[in-house]
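Trainee: Make a model of the complete structure from these sequences and hints.
Protein chains in written order, with the numbering used here: chain A, 1 to 299; chain B, 1001 to 1271.
If you are wondering where the hints come from, they were derived from the structure by calculation, not from laboratory data.
Glycine included, C-beta positions come from ideal geometry on N, C-alpha and C.
Fair warning: there could be bad hints in the mix.
What the hints assert, rightly or not - Each computed DSS-like pair below joins lysine-lysine, with the alpha-carbon atoms no more than 30 Å apart:
| id | chain 1 | residue 1 | chain 2 | residue 2 |
| --- | --- | --- | --- | --- |
| 1 | B | 1241 | A | 123 |
| 2 | B | 1031 | B | 1241 |
| 3 | A | 123 | B | 1031 |
As the list claims (entries may be wrong) - Simulated coverage check for chain B against chain A, where a stretch passes if three residues somewhere in it have a Cβ under 8 Å from a Cβ of chain A:
| id | stretch |
| --- | --- |
| 4 | 1051-1062 |
| 5 | 1205-1219 |
Unchecked claim - Some chain A residues judged to face chain B by a derived CB distance under 7 Å, without partners named:
| id | residue |
| --- | --- |
| 6 | 12 |
| 7 | 77 |
| 8 | 113 |
Residue strings, one per chain:
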Amino acid sequence: MITVESLTRRYAGFTAVDNVSFTALPGRVTGFLGPNGAGKSTTMRVMVGLTAPTSGTATINGERFADLPNPGLEVGVLLDASAQHAGRTGREILTTAADTMGLPRRRVDEMLELVSLTPTEAKRRVRNYSLGMRQRLGIATALLGDPRVLILDEPANGLDPAGIRWMRDLLTGFASQGGTVLLSSHLLHEIEVIADDLVVIGNGRIVAAGSKEELLAAAGTLARSTSPRDLAHALEQAGIPSTLASDGSVRTDADPARVGAVALTAGIPLTELRSAEGAGLEDMFLSLTADTQREGVAA
Amino acid sequence: MTATIVPPATTTEAAPARRTARPIPATRLVKVELRKMFNTRSGFWMLISIGVLSPISAGSLLVLGLNSDVTYQNFVRASGFPMSVILPIIAILAVTGEWSQRSGLTTFTLVPSRGRVIGAKAIATLLVGLGAVSVAFAVGALGNVAGSALAGVDTAWDISLSMALQMVLYNLVGMAFGFALGVVLRNSAAAIVGYFVASLVMPGILALLAQVRSWFEDLQPWIDWHYTQVALLDGATNTVKEWAMLGSTTMIWIVIPLVVGLLSLRRSEVK
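Mentor: Below, the structure is given as structure tokens:
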């Protein structure tokens, strides 16, 4: 379990992480989302002791990361796949990490096989690796010590489609065995498929946190009718604000049951009525972080 | 009703028996840091270049030197010369690689105590220095035996214990200076440039200053790092005053930068 409490990190002139609190539970994959520069990576760096917090705490199973006797055996960390010595071979990087943790060398071969790096590739120096290969090597390093907690920053970056599928299965498998996974990504589709819980951060503050179902349900309802204008009008009459999209769908924050009831009373036949989760995570993400988006996207 | 609820299979694994993880022993850290010094491409080639250049340097004395040059002192100096240049760079890269190559992200998440990592690096650097100097003495001895046999002169073993210790110290101080620069600058290029400025450019400027300003002439041995290094290499650090001068330059160029560097390193962000 990862617990973050009132975490704040200030730099001269700006606050990167502002009073952030959340927990990532064992047995679940927690997705950590936010626009560029929202404070995701800073939060993750504080968790593993690379950055000192200005105030607040981050603990792993109740202990500060820095107090863990041999952290690699308890927490697998991948913050930046490119942060490897370019002049070392993939195998040497894993060997060094295994030696540090006091693991037998065969773990290195097991991990190389797990992340599908061939023996020839493992002998090449990391400067010649593609981003996807570096990512695989980073995941191998994180899993080396057979930890119960994973902290991964953008692990799907640069992976090919098969790699993304593999990673998804790996992480869900890890969580189903009781492991804790905290995963940041801007690949919203990936997060939507894989995450059980979501934490959304914008401008250093948490803007939403909860289970995926809860948060996506809050995204409202999408309804279609043969006469969308009448439907929108009827909803307005009932005091439910709605928007009429150019594709003829009507979106509202009210839940589907209420929209259905209004349509029935008004005698408007619906052709579609569902939670607006199809538009889903992306819409929720954009609306929640609208104030903090660089592009100023209106939700 | 609750009695019939079977806990899901995952819960037994979800609460794993708390591992009795033991702290990582310092010896293991030193071994790892030693390995890291030479398992990179640059580290590998620096080791090779020491292995190749030392015998070449000693051999050139054999070929080019006069019969009177065939002494143990000269051979050790010749085989040690490439080391005196390369060892400090090895010391620099042992520290700066973690930042310039960003491998520190992994290193310091596996061992959160940065002081322990830097300490292990210091010990590994010391071991490499002692190893390399032993090689210089061994290569020098071989050269001396071969050289005197070829030249038909008596084999001269003209290195006293005091001189040998000073030659060892000469290399270790050079490495310590490189190490301190690495800790302060945490950038490979800047630290290497800094090292060459301090060992090639600065001595000339200070010597010039001593010539034109007489008050500086007395001060120079106390603040000129290069001055006390030359004294060590010549085995000419003998009096209490001379050792005090070495202590003074070491304080200025190594101890103070190292302390300042360590203080900022412990708090700085690893990015």
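Trainee: None of the hints should be skipped; say for each whether it holds.
Mentor: Cross-check of the supplied hints:
no. : hint            : result
1   : B/1241 - A/123  : 54 Å, violated
2   : B/1031 - B/1241 : 38 Å, violated
3   : A/123 - B/1031  : 21 Å, holds
4   : 1051-1062       : violated (count 0)
5   : 1205-1219       : violated (count 0)
6   : 12              : 13 Å, violated
7   : 77              : 5 Å, holds
8   : 113             : 20 Å, violated
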